[in-house]
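**Student:** Using our numbering, the letters of the sequence shown correspond one by one to residues 649 to 961.
Mixed in with the good hints there might be a few duds.
Claimed, not checked - Label-pair ranges, simulated between beta-carbon atoms:
1. A751 / G700: 40 to 50 Å
2. S824 / K858: 36 to 46 Å
3. E805 / D754: 21 to 31 Å
4. G700 / K858: 38 to 48 Å
5. D879 / A751: 38 to 48 Å
6. D879 / I774: 22 to 32 Å
7. T813 / V661: 18 to 28 Å
8. S650 / D879: 41 to 51 Å
9. V921 / V829: 53 to 63 Å
10. A751 / D817: 34 to 44 Å
11. S961 / G827: 41 to 51 Å
12. V661 / G827: 38 to 48 Å
Claimed, not checked - DSBU-like cross-link-like pairs, simulated, lysine-lysine; straight-line CA separation at most 30 Å:
13. K858 / K818
14. K958 / K866
15. K703 / K743
16. K686 / K743
It should be emphasised that the hints constitute simulated quantities derived from the structure, not laboratory data. No residue lacks a Cβ here, since even glycine has one placed at the ideal position from N, Cα and C.
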Amino acid sequence: MSVLVLAEHDNQVLKSATLNAVTAAAELGDVTILVAGKDCQGVAEAASKVAGVTKVLHAESDAYANHLAENFAALLVELASDYSHVLAPATTSGKNIMPRVAALLDVAQISEIISIESEDTFVRPIYAGNALATVKSSDAIKIITVRGTAFEAAQPEGGSAAIETISIDKDAGLSSFIGAVLTQSERPELTSARIIISGGRGMQNGDNFKILEEVADKLGAAVGASRAAVDAGFVTNDYQVGQTGKVVAPDLYIAVGISGAIQHLAGMKDSKVIVAINKDAEAPIFQIADYGVVDDLFNAIPELSAELDKALS
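Generate coordinates for the entire structure from the input sequences, incorporating the hints supplied.
**Tutor:** Okay, here's the thing in structure tokens:
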């Protein structure tokens, strides 16, 4: 079988979520990566080096420059007939594009798979990850999004796939790019960070997130937040970890002032090591934490920061 993976990129860098999707795709058959964009030759070359990839399709067009979902969906529909499965990372972009592809092909989408039982049977979480559904599809083409935290990333080096340039220009004419307002940060992205420190309602206000940022900078970590903290206006929604935010699985996750609502746990419970800091010893977060500190965060975090200063000096 042949499997097509939609590459996640910004026209300059191949995003790590693509590597997790490649690992899932390799369980199904020969893997082809689609790199569509504008001036993204470097991304196509990076994709060709990914271990396990047999071919890279490279599509250049102004229509793909800003990754408009309508145009990408039209392109994928044009290519889909040559593949048994079409996969994309379950990122904001993937979740925007793939349902449109499924609708245009008149097939069901299988969302956020976490394992593959066979070529037509997949496992996905439901009820905020409290239950797992095994889904069997009889569709000729399977349209799938992949939860990256459930699959190891493919090696970015070691492959030597051929790059095939395709001249398919699909402008659906349904949307246009107006502009983008991007948050600039020297910290790693939440979805790719090895260490994350997140704050919840217990932070009390946005200014108090500065003490988390100080610790994050010392650890080389990303800063996240619970939905409660985002809804309260402490930080912007690009910090949000959880079922309706970003799903992460870092090597170390430090939850500060987070009670452990199901919505938040769904986004971080696959982390390798979880440390919880909360003054409420009965907080649900301690049920999944590997290490728990029952203390006021405004005592614990400055102490942690001071200990890091000693260790780094």
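**Student:** Compare the structure with each hint and give your call.
**Tutor:** These are the hints, each one checked on the structure:
{"no.": "1", "hint": "A751 / G700: 40 to 50 Å", "in the structure": "violated (30 Å)"}
{"no.": "2", "hint": "S824 / K858: 36 to 46 Å", "in the structure": "holds (39 Å)"}
{"no.": "3", "hint": "E805 / D754: 21 to 31 Å", "in the structure": "violated (39 Å)"}
{"no.": "4", "hint": "G700 / K858: 38 to 48 Å", "in the structure": "holds (43 Å)"}
{"no.": "5", "hint": "D879 / A751: 38 to 48 Å", "in the structure": "violated (31 Å)"}
{"no.": "6", "hint": "D879 / I774: 22 to 32 Å", "in the structure": "holds (24 Å)"}
{"no.": "7", "hint": "T813 / V661: 18 to 28 Å", "in the structure": "holds (20 Å)"}
{"no.": "8", "hint": "S650 / D879: 41 to 51 Å", "in the structure": "holds (44 Å)"}
{"no.": "9", "hint": "V921 / V829: 53 to 63 Å", "in the structure": "violated (34 Å)"}
{"no.": "10", "hint": "A751 / D817: 34 to 44 Å", "in the structure": "violated (22 Å)"}
{"no.": "11", "hint": "S961 / G827: 41 to 51 Å", "in the structure": "holds (44 Å)"}
{"no.": "12", "hint": "V661 / G827: 38 to 48 Å", "in the structure": "violated (21 Å)"}
{"no.": "13", "hint": "K858 / K818", "in the structure": "violated (45 Å)"}
{"no.": "14", "hint": "K958 / K866", "in the structure": "holds (11 Å)"}
{"no.": "15", "hint": "K703 / K743", "in the structure": "holds (24 Å)"}
{"no.": "16", "hint": "K686 / K743", "in the structure": "holds (21 Å)"}
The structure fails to meet hints 1, 3, 5, 9, 10, 12 and 13 from the earlier list, while all remaining hints are met.
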